[in-house]
Amino acid sequence: MSAAAAEVVYRWDLDKTYLQTDFHSVGGLVRAAVERPEHKRPVPGMRALMTALSRRRAARIVFVSGSPTQLRGRIEAMFELHGVRCDRLVLKDFAGAIRRGRLRSIKAQIPYKLRAHLETRRWLREQGDVAAEICFGDDAEVDALIYCLYADVVARRVDASRLRALLDHVGAYPDERDAILAALAALPREEVVRRVFIHLDSRSPPSRYDGYGGRVVPTFNAFQIVASLYSDGLCGPTEVRVVADDLITAWRVDGPGIAGSLEDAVRRGIVSSEAAERLAREVLPMGLAGRAGFDAAAAERLLRRVGSMRPPSVAADVALPYERLVEDERAFAAARKMARQAAGRVPGLRDFLEPDAP
Amino acid sequence: MANREPTLVIDAYGGADAPRAVVAAAAARSLEGRARLVLVGDASVLGAELGRHGYDPMRLRIVGAGVPQPHVTGDDLALRDAARASLPICLEMLREGEADAMVSFSPPELVQALARETLAPLRPGLQAALASVVPTMPRSGNEDPLALLLDVSGSQTQDPAAICDWAVLGATYARVVSGIRQPSVGLLATDIDPSAGPDFVRVAHRALRRGPGVRFVGNLRAVDIPRGLADVVVVDGFAGFAVRGLLEGITELTVDAARYAWKTRTTWRVGLRLLSQGVGMLRRVSEFREYGGAPILGLERLVLVAAPTSTEAAAGNALKLAGKCVRRDLEGELRRALEAGADWRPEAATEAG
Chain U
1 MSAAAAEVVY RWDLDKTYLQ TDFHSVGGLV RAAVERPEHK RPVPGMRALM TALSRRRAAR
61 IVFVSGSPTQ LRGRIEAMFE LHGVRCDRLV LKDFAGAIRR GRLRSIKAQI PYKLRAHLET
121 RRWLREQGDV AAEICFGDDA EVDALIYCLY ADVVARRVDA SRLRALLDHV GAYPDERDAI
181 LAALAALPRE EVVRRVFIHL DSRSPPSRYD GYGGRVVPTF NAFQIVASLY SDGLCGPTEV
241 RVVADDLITA WRVDGPGIAG SLEDAVRRGI VSSEAAERLA REVLPMGLAG RAGFDAAAAE
301 RLLRRVGSMR PPSVAADVAL PYERLVEDER AFAAARKMAR QAAGRVPGLR DFLEPDAP
Chain F
1 MANREPTLVI DAYGGADAPR AVVAAAAARS LEGRARLVLV GDASVLGAEL GRHGYDPMRL
61 RIVGAGVPQP HVTGDDLALR DAARASLPIC LEMLREGEAD AMVSFSPPEL VQALARETLA
121 PLRPGLQAAL ASVVPTMPRS GNEDPLALLL DVSGSQTQDP AAICDWAVLG ATYARVVSGI
181 RQPSVGLLAT DIDPSAGPDF VRVAHRALRR GPGVRFVGNL RAVDIPRGLA DVVVVDGFAG
241 FAVRGLLEGI TELTVDAARY AWKTRTTWRV GLRLLSQGVG MLRRVSEFRE YGGAPILGLE
301 RLVLVAAPTS TEAAAGNALK LAGKCVRRDL EGELRRALEA GADWRPEAAT EAG
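If you read the sequences in order, they're chains U and F. The numbering used here puts the first residue of the first sequence at 1, with every later residue one more than the last. The numbering used here puts the first residue of the second sequence at 1, with every later residue one more than the last.
There's no promise every hint is true.
The calculated label-pair distances, taken between Cβ atoms and stated as ranges, are [to be verified]: (1) U:T238 <-> F:L31: 55 to 61 Å; (2) F:A113 <-> U:E282: 40 to 46 Å; (3) F:S44 <-> U:D159: 38 to 44 Å; (4) U:Q127 <-> F:S44: 43 to 49 Å; (5) F:P68 <-> U:D22: 24 to 30 Å; (6) F:R123 <-> U:R252: 36 to 42 Å; (7) F:P68 <-> U:G233: 34 to 40 Å; (8) F:P68 <-> U:R156: 52 to 58 Å; (9) U:E327 <-> F:G179: 49 to 55 Å.
Residues from chain F that keep clear of chain U, each with C-beta distances beyond 10 Å, as calculated [what the hints assert, rightly or not]: (10) D56; (11) P57; (12) T251.
Honestly, the hints are just simulated from the structure, not real lab data. Because the structure is a prediction, the values reported are computed rather than measured. Every residue gets a Cβ at the ideal spot worked out from N, C-alpha and C, and that includes glycine.
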């Protein structure tokens, strides 16, 4: 870790954000637990993104994961193998929760992660780091909700009494709730989160995050993240090229794939058309993307299309209706579970004779 | 062209509940990673609709056609105007090689007319045909409950040379796409007697009987089509259109009757349960409407005309079918088959006959 104060803090989730993990099946869970560090696979482009970002300027990298503490050794070994710096790694104490008979804690994400975020923020301040944070999560659980809640409670847009009620609503244990409130009280009021990137690993529709405001940026791949960071002035062209090159060399992505991702990002308003123009004319055709099909002619075709796009307006950051968002996320999870079950079901006689039945 | 990831351009103005079903199907297909898809239509509406689905932006993009999405479905003037904006864009992409195949949910006759104007035929003078699947009984060597019927375009062309070309095109399609090793080809006529029927049918019969490369099984009556007497049935466009519509209507009527019985009386419902095997057969037959679309065979690029009433499942099947045709190099196979069959066209048959 460098002695200089950080200019930026990157706060990462681990499973499905940085690492490819399958925790919807028993086999996947077992594999995640016993897999050797050298066999763990990052999400395409994420390793290149993280190393590029951490090299660029003084940065702190914090991981808060729902993986059990028993995996600490394997995860740290994996970071070393990947060449990824990790300044702090917070893992979940499953064994402690089981010992204390707290079965709700095993599954609940909001109390655990909110407390971990607040406590790591306090740790960062103790190191002298007060930089704003860029957060990275995924769509498997409720990362967007937790990161936004973290941002809003530290900024005091959500006060302690509302937070207390919300934690009760999501089933936090009383001492867990009190620890969260104490961790919050130890922090000064500040705007702590600048951006929340949600990697759509489970292929959620981007509209799932419409209610979270402009701070949350749903992305389909690492290239869209780095292009959005570039558009916001949070990284330079080198980082964009490094991620694009990694996707092309290590993950068999081609130039049209990169172009399609950029076009989609402009259309959804997460990359400005000016930034897209700079990337398409000055950055990408000069790198491997140019040789993989994103040449000057392809860039001009893309720019003609994005020139006519009217990206949606981005909502300003305001305190979010968390009580409603919690319910929306529960409904979304239930609908997704039903869809998974329906996908595996063979249609029967009734489906044919009653096509409109629910 | 074979074994590579095809690019499919989709005219997205039409389709049931447009553009919801088409966009949902395209989004799902993009996640399978077997094709690149380009949706052409009202960019803002398509973008908003796409936001409601998971998709892969590396394989799915939107091209604006500059006309607002009509707030109606089906065969309607506003939809025709929108299709007149999107179809030229799609067809231009095909002609320029930016896409390998096109799927359209717009009014079929409009798609056919513009496709024939824009795209060159596979061979100079070749008349392209619209091919459609129709339900049949399973037949030996082919368990598929579908046969291919062409031409079903509604055109009044009664040209024996064209019918012979369609036999080659249909048999090649059945071999390449449906995987039938030696498809049988029948000619729709008024009787199985080769001397019966109008002149163009008699001339076509003689040419097909002599023609190498096509396993011709003779004339068929309309009643023989659902009996599964041939894998491919060739017919002039007007009669084909009528036969296809009639088979679809009868299937719809039968399914509606079963559904009416199911919801009307408990005893009838019990009866249907007892007849579940038979109802299962009915279901298999009725699924031909979800097959995916009717290919226009004989143009330089594949155009699939999907029904404007296509559901999400049918739209998805249309995209799957288009991808399969490109991966199996249907276009190249059709070209080669036409070249091989060039010397047995009906001019020679007429002279001989």
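Here is what the structure says about each hint:
1. U:T238 <-> F:L31: 55 to 61 Å: Check failed, 31 Å falls outside 55 to 61 Å.
2. F:A113 <-> U:E282: 40 to 46 Å: holds, 45 Å
3. F:S44 <-> U:D159: 38 to 44 Å: Once the Cβ atoms are compared, 39 Å apart, the range 38 to 44 Å for D159 (chain U) and S44 (chain F) holds.
4. U:Q127 <-> F:S44: 43 to 49 Å: Because 47 Å falls inside the window, the suggested range holds.
5. F:P68 <-> U:D22: 24 to 30 Å: Check failed, 43 Å falls outside 24 to 30 Å.
6. F:R123 <-> U:R252: 36 to 42 Å: holds, 38 Å
7. F:P68 <-> U:G233: 34 to 40 Å: holds, 36 Å
8. F:P68 <-> U:R156: 52 to 58 Å: violated, 45 Å
9. U:E327 <-> F:G179: 49 to 55 Å: holds, 50 Å
10. D56: D56 (chain F) is in fact no farther than 10 Å from some Cβ atom of chain U, at 7 Å.
11. P57: violated, 3 Å
12. T251: Given that every Cβ of chain U is farther than 10 Å from that of T251 (chain F), nearest at about 13 Å, it holds.
Of the numbered hints given earlier, the model fails hints 1, 5, 8, 10 and 11; all others are met.
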